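Residue numbers (our numbering), protein chains in the order written: chain A, 1 to 396; chain B, 397 to 740.
Don't read these hints as lab results, they were simulated from the structure. Please note: incorrect hints may appear among the correct ones.
When the alpha-carbon atoms are kept at most 20 Å apart in a straight line, the in silico SDA-like pairs for lysine to any residue are as follows [as the list claims (entries may be wrong)]:
no., chain 1, residue 1, chain 2, residue 2
1, A, K24, B, K645
2, A, K116, A, V73
3, A, K223, A, P298
4, A, K24, B, F554
5, B, K645, B, K655
6, A, K116, A, E106
7, A, K282, A, F306
8, A, K24, B, I547
9, A, K122, A, A139
Please read all numbers here as calculations on a predicted model, not as lab measurements.
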Amino acid sequence: MEKLRSGFFSPVFLKRLRKFRSLKRGYYSFILIVCLYIGSFFAEFFVNGNALYIVFEGKRYFTLYNDASLKKVIFSRETELRQKATEILKLKVKAEGQEREKLESEHAAVKKEHDKARELKKAFGKHRNLQKYFDQEKAGNRAVLVFYHYGPNENLLDELGDRNPPTSPDRKNWFGTDDRGRDVFARMVYGFRISMSFALILTAFTYTIGITVGSILGYFGGKIDFFGVRLIEIWSAVPFLYTVMIVSSIIEPNFILLIGILTFLGWMGMSYYIRAEFLREKSKDYVLAAIAVGVSDPVIMLRHIFPNALTPVISFLPFSIVGGISSLVTLDFLGFGLPVPTPSWGELLSQASANIHSWWLMAAPVASLFLTLLLITFIGEAIREAFDPKVFSRLR
Amino acid sequence: MLTYFIRRFLMIIPTFIGITFLVFTVMRFVPGGPVEMAVLQYQQMQAEGETTGSGSDTEVRGKISEEMVEELKKIYGFDKPFYIAYAIWLKKVCLLDLGVSHTYSRPVWEIIKEKFPVSMRFGLLGFLISYTICIPLGVFKAIRHGTIFDISSSAIVFIGYSIPGWVVGLVLLILFGGGSFWDLFPLGGIVSQNYDQLSFIAKIKDSLWHLILPATAYMLGSFASMTILMKNSLMENLGQDYVRTAFAKGLPERVVIFKHALRNSLIPIATGLGHVFSLILAGSYLIEKVFNIHGFGLLGYSSLIARDYPVTLGVLVIGSLLKLVGNMISDFLYCMLDPRIRLE
Numbered sequence: 001m002e003k004l005r006s007g008f009f010s011p012v013f014l015k016r017l018r019k020f021r022s023l024k025r026g027y028y029s030f031i032l033i034v035c036l037y038i039g040s041f042f043a044e045f046f047v048n049g050n051a052l053y054i055v056f057e058g059k060r061y062f063t064l065y066n067d068a069s070l071k072k073v074i075f076s077r078e079t080e081l082r083q084k085a086t087e088i089l090k091l092k093v094k095a096e097g098q099e100r101e102k103l104e105s106e107h108a109a110v111k112k113e114h115d116k117a118r119e120l121k122k123a124f125g126k127h128r129n130l131q132k133y134f135d136q137e138k139a140g141n142r143a144v145l146v147f148y149h150y151g152p153n154e155n156l157l158d159e160l161g162d163r164n165p166p167t168s169p170d171r172k173n174w175f176g177t178d179d180r181g182r183d184v185f186a187r188m189v190y191g192f193r194i195s196m197s198f199a200l201i202l203t204a205f206t207y208t209i210g211i212t213v214g215s216i217l218g219y220f221g222g223k224i225d226f227f228g229v230r231l232i233e234i235w236s237a238v239p240f241l242y243t244v245m246i247v248s249s250i251i252e253p254n255f256i257l258l259i260g261i262l263t264f265l266g267w268m269g270m271s272y273y274i275r276a277e278f279l280r281e282k283s284k285d286y287v288l289a290a291i292a293v294g295v296s297d298p299v300i301m302l303r304h305i306f307p308n309a310l311t312p313v314i315s316f317l318p319f320s321i322v323g324g325i326s327s328l329v330t331l332d333f334l335g336f337g338l339p340v341p342t343p344s345w346g347e348l349l350s351q352a353s354a355n356i357h358s359w360w361l362m363a364a365p366v367a368s369l370f371l372t373l374l375l376i377t378f379i380g381e382a383i384r385e386a387f388d389p390k391v392f393s394r395l396r
Numbered sequence: 397m398l399t400y401f402i403r404r405f406l407m408i409i410p411t412f413i414g415i416t417f418l419v420f421t422v423m424r425f426v427p428g429g430p431v432e433m434a435v436l437q438y439q440q441m442q443a444e445g446e447t448t449g450s451g452s453d454t455e456v457r458g459k460i461s462e463e464m465v466e467e468l469k470k471i472y473g474f475d476k477p478f479y480i481a482y483a484i485w486l487k488k489v490c491l492l493d494l495g496v497s498h499t500y501s502r503p504v505w506e507i508i509k510e511k512f513p514v515s516m517r518f519g520l521l522g523f524l525i526s527y528t529i530c531i532p533l534g535v536f537k538a539i540r541h542g543t544i545f546d547i548s549s550s551a552i553v554f555i556g557y558s559i560p561g562w563v564v565g566l567v568l569l570i571l572f573g574g575g576s577f578w579d580l581f582p583l584g585g586i587v588s589q590n591y592d593q594l595s596f597i598a599k600i601k602d603s604l605w606h607l608i609l610p611a612t613a614y615m616l617g618s619f620a621s622m623t624i625l626m627k628n629s630l631m632e633n634l635g636q637d638y639v640r641t642a643f644a645k646g647l648p649e650r651v652v653i654f655k656h657a658l659r660n661s662l663i664p665i666a667t668g669l670g671h672v673f674s675l676i677l678a679g680s681y682l683i684e685k686v687f688n689i690h691g692f693g694l695l696g697y698s699s700l701i702a703r704d705y706p707v708t709l710g711v712l713v714i715g716s717l718l719k720l721v722g723n724m725i726s727d728f729l730y731c732m733l734d735p736r737i738r739l740e
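One chain only, chain A, in its complex shape (with noise of 0.2 Å):
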């Protein structure tokens, strides 16, 4: 026990997590998403356009983030070999006889290695294009493929042949092609990492702000907790949804920009339940034996109340996220959220909404929001229930 109480939970705090650890479905959910969510950041080894790695005249590039530097080998050879087949042109037209027919000859080879060039510099657009043109070479080069190789935003209308986006499901493409041609599960995958990125920094930003305005409401009191309150009444009456799709009518927000705005309207929240926390905590012997020994307001607050008033904030926590993801699906359907070409479960279902034959691109995001925020849920309930017991008793 003395080992638990140095510590900067208290330990009914480290109790509960010891029984959220118990509760197998919670738990299991909670391992299950933070291991998808850490994969996500690993998709480009999974699901990608690009190529894991070029064996390229025996030199290996690694082409998985970046193709620049054998971009530019291809492409400086092609143009090399088109100047050089420009000037043998030219001394081919000054020349005579056995030089011209020699010339000719230096030329034709020229030409061949050059068309060679262009052959491949054509098939460099696409890495899928590379590896089916090394195949037919066999001359060792290779270009080794991910495991899932298209990616989010590669417009695919080439390969798909005489059909027209979007494509039902196939052994290419799992879930499709969406209107323009571009791979669902592809944008899915991504989709998902940024949809969690999106709600957990979201989050961060909200908790900071609400959980800073509450403790200052709640430990000081008196005037400022009068106009304070009032002014987050205020600001919770703001009509949100609105309001966002208006300020992001305006200014087409980025990523950043689009979180600012959401914290902006919606950072009350938490500091309502961490109000009523301080407000609680405040009175009781342990703070007012540290204002006794002359502990600073700022300790106090962080080291001393902020602990035992983690409940809220916890059992929150998943439910936030659950918000979070949820209205940039809003927003991304509305087309008030992330700039375009970002892969989207938000805009995938607006694309379903207007292509109704196209079942898969109502499927997929259906599904993908479905079970990440099922999973959410399920740690939701199982923190609410470590940290917030409600025992019904009744008689029978």
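Let chain A serve as the given structure and place chain B on it in line with the hints.
Only chain B this time, still in chain A's reference frame:
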């Protein structure tokens, strides 16, 4: 109590001013506001109209747009400092003058007024359905707590929790709206095109036919939280001493639950009535968008798309007022229904 409500009512005024001032300021200071937008549109229009024109008249064009900008600034009140512009706008709002829409060329209030019955039709039905389903379900789950029925229905509740109502609406629309699956219901809208020629009975049938999917979506939006609220509230009351007393004096279980416990557990549900007030009147942006219902919510959305700022602000004004009044009704109901509550 009365003083509380008078004070509460008076609080609406600063709150309302706060909201509109916030949005007004944001619209004013954010780059790419209405004036810049209009100038941009105007320039685009000119550029498209003068594809044959050479570069010689660019000077003239610049002059025109400068005058235009001044004109536009006057229209939007940007020629004055923003607090004066806000005061003028607020004064107009108080006189119920929300301005004139650019796209409809009609007073904003008239347009908004027309939309209420449409939104109300869907909102009210959805609300009625959700209450008639969620309350009995919640009660039943509480009585049968821990049984197979409770656990299996909890699964449905979890689904409802983890997916927004409008997404379910979209799923329903694609499943039953004649996409790749069943063609049972219309693809949204309020009535069929040939509505005027239908007989009275057919008219009712047609309206209902259009109502079912959106109303279901509305219902599912509040399904999970409502059911759980009902269940937990009843469970809590069943653990109270007065229930124990009732059992002790030998009342049958049914009387204890329905006459004693249920009445008290309906209080939190009833206070939710105030919050649905604005939903009933103003509908939901998303469900109206999904089902293409031309109600209040969709008006707000399309005014944003069309950059029709008077309508946008009008929708904001009416929407926030409804929300504020709804909150007050909630508090009022809470006091009326639960005499233990003393607000001050």
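Tell me, in ascending order, the numbers of any earlier hints that this structure violates.
The structure breaks only hint 1.
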